[in-house]
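K.L.:
Listed below are the residues making up each chain.
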Amino acid sequence: EPEVTQTPSHQVTQMGQEVILRCVPISNHLYFYWYRQILGQKVEFLVSFYNNEISEKSEIFDDQFSVERPDGSNFTLKIRSTKLEDSAMYFCASSENSWELFFGEGSRLTVL
Amino acid sequence: GDSVTQMEGPVTLSEEAFLTINCTYTATGYPSLFWYVQYPGEGLQLLLKATKADDKGSNKGFEATYRKETTSFHLEKGSVQVSDSAVYFCALRRSSGGGADGLTFGKGTHLIIQP
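Residue numbers (the working numbering), protein chains in the order written: chain V, 1 to 112; chain R, 1001 to 1115.
Incorrect hints may have been included.
As the list claims (entries may be wrong) - A short, non-exhaustive set of chain V residues, derived as facing chain R with CB atoms under 10 Å:
(1) Glu-3
(2) Lys-57
(3) Ser-58
(4) Phe-65
(5) Cys-92
(6) Trp-99
Stated by the list, open to error - Derived DEER-like restraints, expressed as beta-carbon distance ranges:
(7) V:Glu-1 with R:Gly-1078: 24 to 34 Å
(8) R:Ser-1014 with V:Glu-3: 41 to 51 Å
(9) V:His-10 with R:Glu-1069: 37 to 47 Å
(10) V:Thr-76 with R:Thr-1051: 44 to 54 Å
(11) V:Glu-96 with R:Glu-1015: 33 to 43 Å
(12) R:Asp-1054 with V:Leu-112: 49 to 59 Å
(13) V:Met-89 with R:Thr-1028: 38 to 48 Å
(14) R:Ser-1058 with V:Met-89: 23 to 33 Å
(15) R:Thr-1051 with V:Ser-27: 37 to 47 Å
(16) V:Gln-64 with R:Pro-1040: 27 to 37 Å
(17) R:Pro-1040 with V:Gly-72: 30 to 40 Å
(18) V:Gly-16 with R:Gly-1061: 30 to 40 Å
(19) R:Arg-1067 with V:Glu-18: 22 to 32 Å
(20) V:Ile-54 with R:Thr-1051: 19 to 29 Å
What the hints assert, rightly or not - Listed below are the simulated DSS-like cross-link pairs for lysine-lysine, each with C-alpha atoms no more than 25 Å apart in a straight line:
(21) V:Lys-42 with V:Lys-57
(22) R:Lys-1056 with R:Lys-1068
(23) R:Lys-1077 with R:Lys-1049
(24) V:Lys-57 with R:Lys-1077
(25) R:Lys-1052 with R:Lys-1107
(26) R:Lys-1049 with V:Lys-83
(27) V:Lys-42 with V:Lys-83
(28) R:Lys-1052 with R:Lys-1068
(29) V:Lys-42 with R:Lys-1049
(30) V:Lys-57 with R:Lys-1060
(31) R:Lys-1049 with R:Lys-1060
(32) R:Lys-1077 with R:Lys-1060
(33) R:Lys-1049 with R:Lys-1068
(34) R:Lys-1056 with R:Lys-1077
(35) R:Lys-1077 with R:Lys-1052
(36) V:Lys-78 with R:Lys-1077
(37) V:Lys-83 with V:Lys-57
(38) R:Lys-1107 with R:Lys-1056
(39) R:Lys-1107 with R:Lys-1068
(40) R:Lys-1107 with V:Lys-42
Everything labelled a hint here was simulated from the structure, so no lab data went into it.
By construction, the Cβ of each residue, glycine as well, lies at the ideal position given by its N, Cα and C atoms.
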């Protein structure tokens, strides 16, 4: 069964460093998403991506965040200068029709 | 803004017990409502959904009815199994006509079923 895969599963980084989280969506899907969950908090929407551009972004998705689909298969989330409060589980999701989202297992980011 | 409130966990039940996980929402208009489940070591999976008032979503023995009058979408199952142990997330989406709107999630409820 096709699935969304995310790498790395866990990344530890120093405050101020750049981080790139990678996602391989399901191959025929057209809609792509990033969500995050800070420990003990809600799963929060960050950004959606369709037709090679951002469709919607939340207040959390400020200038330090960016997304890219560099090669038609990967979908990346870049955090330019990480802060302690960026520590969270980051989930990638994709959808064929924007109705049913398929999520990856998540990438845990720890900022020290 | 939109919000989803779920009952706090963990919820611990014995096998074959009746399950209810409460979910209420705040949103303008007519959101679509979802339950997602996350099994240990896996990503979130769509469990069921309802797109309009009085719709009942069902899957794998789980049910939830979209109650606009009480702004609720409680998840129920008549007889739980150990394999139902997971984290359950209630979610809503503002748009009912498709598009790439983000989902608004609740905090999640950790369900533990003991044999």
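K.L.:
Taking the hints in turn, state whether each one holds.
P.N.:
Hints and how they fare:
Annotation: interface hint on V:Glu-3 holds; nearest CB of chain R at approximately 8 Å, less than 10 Å. For V:Lys-57, the suggested interface contact is upheld, since its CB lies about 8 Å from the closest CB of chain R, less than 10 Å. Annotation: V:Ser-58 was flagged as interfacial toward chain R, and the flag holds, the nearest CB pair being 6 Å apart, inside 10 Å. A hinted interface residue such as V:Phe-65 counts as satisfied when its beta carbon comes closer than 10 Å to some beta carbon of chain R; here the least separation is about 14 Å, so the hint is violated.
With a least beta-carbon distance of about 9 Å to chain R, the hint placing V:Cys-92 at the interface is held under the 10 Å criterion. Contact between V:Trp-99 and chain R, as hinted, is supported at the beta carbon level, the nearest pair being about 7 Å apart and thus within 10 Å. Restraint check, V:Glu-1 to R:Gly-1078: a C-beta distance of roughly 28 Å satisfies the suggested window 24 to 34 Å. The hinted range of 41 to 51 Å is not satisfied by R:Ser-1014 and V:Glu-3, whose Cβ atoms lie roughly 32 Å apart.
V:His-10 and R:Glu-1069 have their C-beta atoms about 44 Å apart, which keeps the hinted 37 to 47 Å range intact. Distance hint check: the CB atoms of V:Thr-76 and R:Thr-1051 are about 32 Å apart, inconsistent with the given range 44 to 54 Å. V:Glu-96 and R:Glu-1015 have their C-beta atoms about 36 Å apart, which keeps the hinted 33 to 43 Å range intact. The beta-carbon spacing between R:Asp-1054 and V:Leu-112, approximately 50 Å, falls within the hinted interval of 49 to 59 Å.
Separation of V:Met-89 from R:Thr-1028 is about 29 Å and departs from the stated range, judged on CB atoms against 38 to 48 Å. Look at R:Ser-1058 against V:Met-89: about 29 Å separates their beta carbons, and that is inside 23 to 33 Å. Between R:Thr-1051 and V:Ser-27 the beta carbon distance is about 27 Å. The supplied range of 37 to 47 Å is therefore violated. The beta-carbon spacing between V:Gln-64 and R:Pro-1040, approximately 32 Å, falls within the hinted interval of 27 to 37 Å.
Between R:Pro-1040 and V:Gly-72 the C-beta distance comes to about 32 Å, which sits within the given range of 30 to 40 Å. The beta-carbon spacing between V:Gly-16 and R:Gly-1061, approximately 49 Å, falls outside the hinted interval of 30 to 40 Å. For R:Arg-1067 paired with V:Glu-18, a C-beta distance near 46 Å fails the hint of 22 to 32 Å. The beta-carbon spacing between V:Ile-54 and R:Thr-1051, approximately 25 Å, falls within the hinted interval of 19 to 29 Å.
Taking the CA atoms of V:Lys-42 and V:Lys-57, the gap is near 17 Å; set against the 25 Å cutoff, the hint holds. Distance hint between R:Lys-1056 and R:Lys-1068 is fulfilled; the C-alpha atoms sit about 12 Å from each other, no more than 25 Å. For the given pair, R:Lys-1077 sits about 15 Å from R:Lys-1049 by alpha-carbon distance, which is consistent with the 25 Å threshold. Proximity of V:Lys-57 to R:Lys-1077 is assessed by CA-CA distance (about 35 Å); at most 25 Å being required, the pair is judged violated.
Annotation: proposed proximity of R:Lys-1052 to R:Lys-1107 holds, straight-line Cα distance about 23 Å (limit 25 Å). Between R:Lys-1049 and V:Lys-83, the direct Cα distance comes to roughly 36 Å. Violation of the 25 Å bound is thereby established for this hinted pair. For the given pair, V:Lys-42 sits about 19 Å from V:Lys-83 by alpha-carbon distance, which is consistent with the 25 Å threshold. The suggested pairing of R:Lys-1052 with R:Lys-1068 holds, with an alpha-carbon distance near 8 Å, which does not exceed 25 Å.
Under the criterion of a C-alpha separation no larger than 25 Å, the hint pairing V:Lys-42 with R:Lys-1049 is consistent with the structure, at around 19 Å. For the hint pairing V:Lys-57 with R:Lys-1060, the CA-to-CA distance comes to about 33 Å; that exceeds 25 Å, so the pair is violated. Among the hinted pairs, R:Lys-1049 with R:Lys-1060 is consistent with the structure: their alpha-carbon atoms are about 13 Å apart, no more than 25 Å. For the hint linking R:Lys-1077 to R:Lys-1060, the alpha-carbon distance of about 9 Å falls within 25 Å, and the restraint holds.
Note on R:Lys-1049 and R:Lys-1068: the hinted pairing holds, with a Cα-Cα distance of about 14 Å set against a maximum of 25 Å. With a CA separation close to 13 Å, the supplied pair R:Lys-1056 and R:Lys-1077 stays within the 25 Å bound. Distance check on the hinted pair: R:Lys-1077 and R:Lys-1052 sit about 21 Å apart at the alpha-carbon level, within 25 Å; holds. For the hint linking V:Lys-78 to R:Lys-1077, the alpha-carbon distance of about 40 Å lies beyond 25 Å, and the restraint is violated.
In summary, the hint linking V:Lys-83 to V:Lys-57 is supported, as the alpha carbons are separated by about 19 Å, within the 25 Å threshold. As the CA atoms of R:Lys-1107 and R:Lys-1056 are separated by approximately 22 Å, the hinted pair is consistent with the 25 Å bound. At most 25 Å may separate the alpha-carbon atoms for a hinted pair to count; R:Lys-1107 and R:Lys-1068 meet this at roughly 21 Å. Taking the CA atoms of R:Lys-1107 and V:Lys-42, the gap is about 4 Å. The hint holds against a cut of 25 Å.
This entry does not satisfy hints 4, 8, 10, 13, 15, 18, 19, 24, 26, 30 and 36, going by the numbered hints stated previously.
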